[in-house]
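S.K.: One letter stands for each residue in the lines below.
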Amino acid sequence: MNSIGKSPQRIDLLEKVTGAATYVDDIDFGARLLHAEVVESPHAHALIKSIDTSAAEKVPGVVRVITGKDFPYRFGLYMQDRFIFPTDRVRFVGEQVAAVVARDAKTAKRAAKLVKVVYKELEPVLDLTKALSDELVLVHPDLGNYTRCPWFFPQAGTNIAHWRKTRKGDVEKAFKEADLVFEDTYTVPRYSHCAIEPHVIVGLYDLTGRLTLWSASQSPYTQRNVMAQALAPLGLSHKDIRVVTPYVGGGFGGKAGVSMEIICAALAIMVKGQPVKVRWSRAQEFYNTYQRQGVIARIKLGVKKDGTITGIEHTLHWDAGGYVEYGANVVNAVGLSATGPYRIPNVKIDSVCVYTNLPPSGPYRGFGYSEFHFGLESHMTRVAQKLGIDAVEFRKKNAIREGDTLAYGAKMNPCGMQEAIDRAAKEIGWGKKEVSKDPNKAIGKGFACFWKAPAMPPNAASCAFTKFNEDGSLNITISGMEIGQGLFTVMAQVASEILTVPVEKIRVELPDTDRNPYEWQTVGSHVTWGCGNAVKAAAEEMRGKIFEIVERAHGIRRDSLYLENETVKCRDRADFELPLRDFVINGIQTKHGNFLGGPILGSGMFMPEFTSALSDPETSQGGHPNVHYTVGAAAATVEVDKQTGKMRVLKATLAVDAGKAINPELINSQIVGGVLQGLATVLYEDIRFDHKGKLLNANFTDYKIPTSLDMPVETVPIIIETPQPDGPFGARGVAEHTMIPAAPIIANAIDDALGLRMKTLPITGEKVALALNGIDYENVKGSTMGFCYVGHADAYKFKTSAKR
Amino acid sequence: MKSKSTTSRGIRAAITLKLNGETRRVDVEPNDILLDVLRESLGLKSPKIGCEQGDCGACTVLLDGKSVRACLILAIEVDGHEIATLEGLTADGLTDLQKALLEHNSFQCGFCAPGVVLSATELLNNHPTPTEEEAKEAVSGNLCRCTGYKPIIEAILAAGRKR
Amino acid sequence: MAIAHQFEYVKPGTLREGIRTLARYGSRAQVLAGGTDLISLISDDKLLPEIVVDIKGIPGLDKIELKREPARATVGVLTIGALVTFSDLRESPVIAKKFPVIREMTGWLASVGIRNRATMVGNLCSAVPCCDSGPILQVYDASMLVAGSNGKRKVPLNEWFVGPRKTVLKRGEIATGVAVPLPKKKHAACFVKLRRYEGEDLAQASVTVLVFAGNSYRVSFGAVAPRPVRGEKIEALLEGRELTDDLIRQAVKLLPEEIAPITDIRATKEYRLHMTGVMLERGLRAAVARLNGNGPEYGTSLI
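If you read the sequences in order, they're chains A, B and C. Under this note's numbering, think of the first position of the first sequence as 55, with each following residue one higher. Under this note's numbering, think of the first position of the second sequence as -10, with each following residue one higher. Under this note's numbering, think of the first position of the third sequence as 38, with each following residue one higher.
Just so you know, the hints here were simulated from the structure itself, not pulled from any lab data. Where is the CB? At the ideal position from N, CA and C, for every residue including glycine. You may find that some hints are simply not true.
As the list claims (entries may be wrong) - Not close to chain B: a few residues of chain A, all C-beta gaps over 10 Å, as computed:
#	residue
1	Glu175
2	Ala496
3	Gly651
To be verified - For each label pair, taking beta carbons as the anchor points, the in silico distance ranges come out as:
#	chain 1	residue 1	chain 2	residue 2	range
4	B	Pro117	A	Gly836	46 to 54 Å
5	A	Glu618	B	Arg150	25 to 33 Å
6	B	Leu83	C	Thr300	21 to 29 Å
7	C	Ser64	A	Cys203	55 to 63 Å
8	B	Lys88	A	Cys203	43 to 51 Å
9	A	Val844	B	Glu71	52 to 60 Å
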């Protein structure tokens, strides 16, 4: 192949290396640009009694002050449970209750302090146990009235926003038949995306009534859709809204959907004719965008003494925050896949999405899979230990294969899990004990398997337009976003392969919903597959048109034609060569002087028509909610100082099945970057709320994301290729996956090194050192919490008061 | 160039600085932050707003040849000084460092890139053939969430070896 | 975010001018040198000064000078001016040669872009409990050099810190530098800083050890009390004695009497206490080894 499998220089890299790349905050709107500052709730749960904006309005330079009264509409992606500005009550510390729009940022900031809000505090829901108990305080008394997608199951009258139940076979029987049944509880706190670019958006509601938004977003079309639905009461529909998305400075899921962006839409409408910018501070990035949910999970695994898994019972209670319009889907996705990549005949999964008075949760790289793999892959290694079977062999024995029945009844796609396991184990030197020269240090190795499927609605489609230029170069317009993963380069390679135009002559244009065709969202690691299929279809359509016009003009049978080096050639006639540039705009001139053909255009659309989210709400059987899984395996060698608890990752390796590596270097980049981001959640990132729900470390000083000095000594990426039949050239997506196994490989390595099993995250040097000295960190950490649960994991009773 | 000695609150004073080799004059209030003035009044977009607390390095510029966080400097402080941003660096064509960053596919989302390039440029100006540890330390104040730093360090070392 | 608070800005051209302004405004003024602490505080509305006094125009404050007494070559005083940045210290040949532990400390302080602006004197004036400069200078019995309307004075570092973000600086006074006496005897030192990872981080705890030939020790601790503290009981225990495993154990046992760590979101008091013990042990051994010529290179992390 000419382009597929190669690693050309990224087509967006020159812009980024020279500083020419434009992000939303870099666009100049001139002197008429207005600035906004939001007024935030200091309470986790309170009724709004009154908002007095009079003093703020009087400040010179203030244009408008907006509250929920101006916009009493709900919005949301999967469930409309959220307000642009709440009118009745606030549900997390930092929630916006009003906004000041002013001529300059300083004035907006000054005036925002003058807005007086009177609250009546309510008891906040800051403990999962209480949230699910019978004496609960309701976060959403109106839950039963919310519009939602049909495959979510909120329980009105409770704090359960969604409950995904998956039942296959008979777990009780499976446990009876097992030789060993082992169960335990694991907890994972909340995490923050920390993209270096904060959320920022500029909105202009022009004098014709058209709303244009320049948004730092992964999802221009979904933003348009969510806004159109939310603003429908004002008479706006999709034709009236345009979303433009320049380069994004990191997304990781945090810039998917709609979180703070709708505020800008509302403000723009109120100051008609003037553009207004809303840029989040770093602190707001932490507490008022999306957070990764916290979860407490109980895993019960039944195994035969030969290592065969007979059944799994996996119960997960998720701290999903004050609004779950997006976060509920994380809970849903896990509820379908929390078996992990294993062949398990008897399955009981309960994934419960609980409203709490902490910040709203949403998509974060891994989409629930990072969260559940910590417990599951820790548990797998522990069960192997109890059986006396090697942890890698145990996984190999039970690893899922193509054609196996998944937890919800559909069949597993082709996957190279065995190869991934073998190669990761070989790379880490599995089975070879390493000893440190330093007597203070111990070295351990940890292993984990992983999988993930894109969690999308069944009609998440991708489209592409392609057009030639006079010089034979190509423009591709898609609405898949370049968020750094290299999508544009990969799409160029797909088109390049079909049309033989070199990647350097292909441009991929940033999304603009007025010009670029539909893409559901750039999430779920699915755009190489979905958007790639669309681009391939568009390129193939162009190729078909090229051959058709050459046949018409030259009388050569089209099935004897092929493309090579931007030229049409004929298998039967070695002398026939027609460069694309000669006719892809101008057409082909006949001997009579007229021209046949004309500009060659292509359009492609990909819709996963085989998916369906309809299934039995009690068992999740039926339907095909996940398009396919990407699988892999990872391992780490960790050196621990027994006195200080400090850990150094000597080596991390991750093998992932990409189906077909369209651009191997980009996949390697995802592995190196994702592994570090994953390691950070285990080793460094430590979110802390106080007992009133306030986020205490909403800054990089105390929420530590890794620097160049924190890299593992060695990271080894491994690419497996078991083709995905319906993927472009056999490719499937690789992006989130590289973060997913990080937590369990570290936990398992520490257990291997020190005989210390840590069941809560993060696993900091402090926790390890204290544990080695007989001190349980949970007993001494004080009154802060990483998610909505205070107390020992083992004390948590997985009870819900709901009747279902 | 005469330094500004007294400026009252809310009143603008004219400061003069050499920006990417060019003498520029701009009016600033005492509480104007250098990063905002560079971006809003002087038209340079490469220094980015990442955290506004000096923790992420996205706002890095070179002040009299030294890397600094523009979000922690008042614009008025640079009266009479020299500032270099990525735009200025590239004006005469790509530097060896930039070429190495291209060859190593060193960036993904690119938001940290201007800060990284300037920090690494300062390093290579002072230590033309840095060690791996020196390269890592030089950019340790530039947070990157995408790349895991590996290709950035490789590019810096490659640029060093070229000399 | 933009600074909403409005203030006046002055850049005095002489020390006297600066002192006059500070005397006039008292607590309504803030001194600006590197700004890495101050600007963020004003931006977050934690400080609302009426006037910001930029001292970068005052001549003579940017020097690192080692002055020896004319007739006695072994007696000297290192003066670090108020405008000396951590990068200046890091690159200074006299610091590298005569006070290598100061250079060692700068390697773990923030990052290059901060070090190019942040000043040591500013760090000492900020008086945050986790400040790195304080404990280092305490073991050297350094003194702050202060100038005010009433003239000049020297404040021993042990008396400089009152509590978190509070020093003994009076209205109208400005710290012009810090004077560090060059130890007369052969000596070696070690600075150990507990951070949450290898990247830029504030100290969760720090230990500084200075050992003189003849087994005389100075130890000081950072981030484990409201201000940097000298471990006087430990120093008394170790005085004149050869370092042994047992002696180190006894020294570590005295720690709860010397320091008062707290639990906050950065660390628990249990971990701080435990780690201070580990760092004290490793610091003592490293300092003694350095004194004997076979210790780890300055800048090597011991934890």
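S.K.: State for each hint whether it applies.
M.R.: Evaluated hints:
1. Glu175: holds, 30 Å
2. Ala496: holds, 25 Å
3. Gly651: Check passes; 38 Å lies beyond 10 Å.
4. Pro117/B - Gly836/A: 46 to 54 Å: Given about 49 Å between the Cβ atoms, the range holds.
5. Glu618/A - Arg150/B: 25 to 33 Å: violated, 38 Å
6. Leu83/B - Thr300/C: 21 to 29 Å: Since Leu83/B and Thr300/C have Cβ atoms about 51 Å apart, the given range 21 to 29 Å is violated.
7. Ser64/C - Cys203/A: 55 to 63 Å: Holds - the Cβ-Cβ distance for Ser64/C and Cys203/A, about 58 Å, lies within 55 to 63 Å.
8. Lys88/B - Cys203/A: 43 to 51 Å: holds, 49 Å
9. Val844/A - Glu71/B: 52 to 60 Å: At 54 Å between Cβs, range holds.
The structure does not agree with the numbered hints 5, 6 stated previously, though it agrees with the rest.
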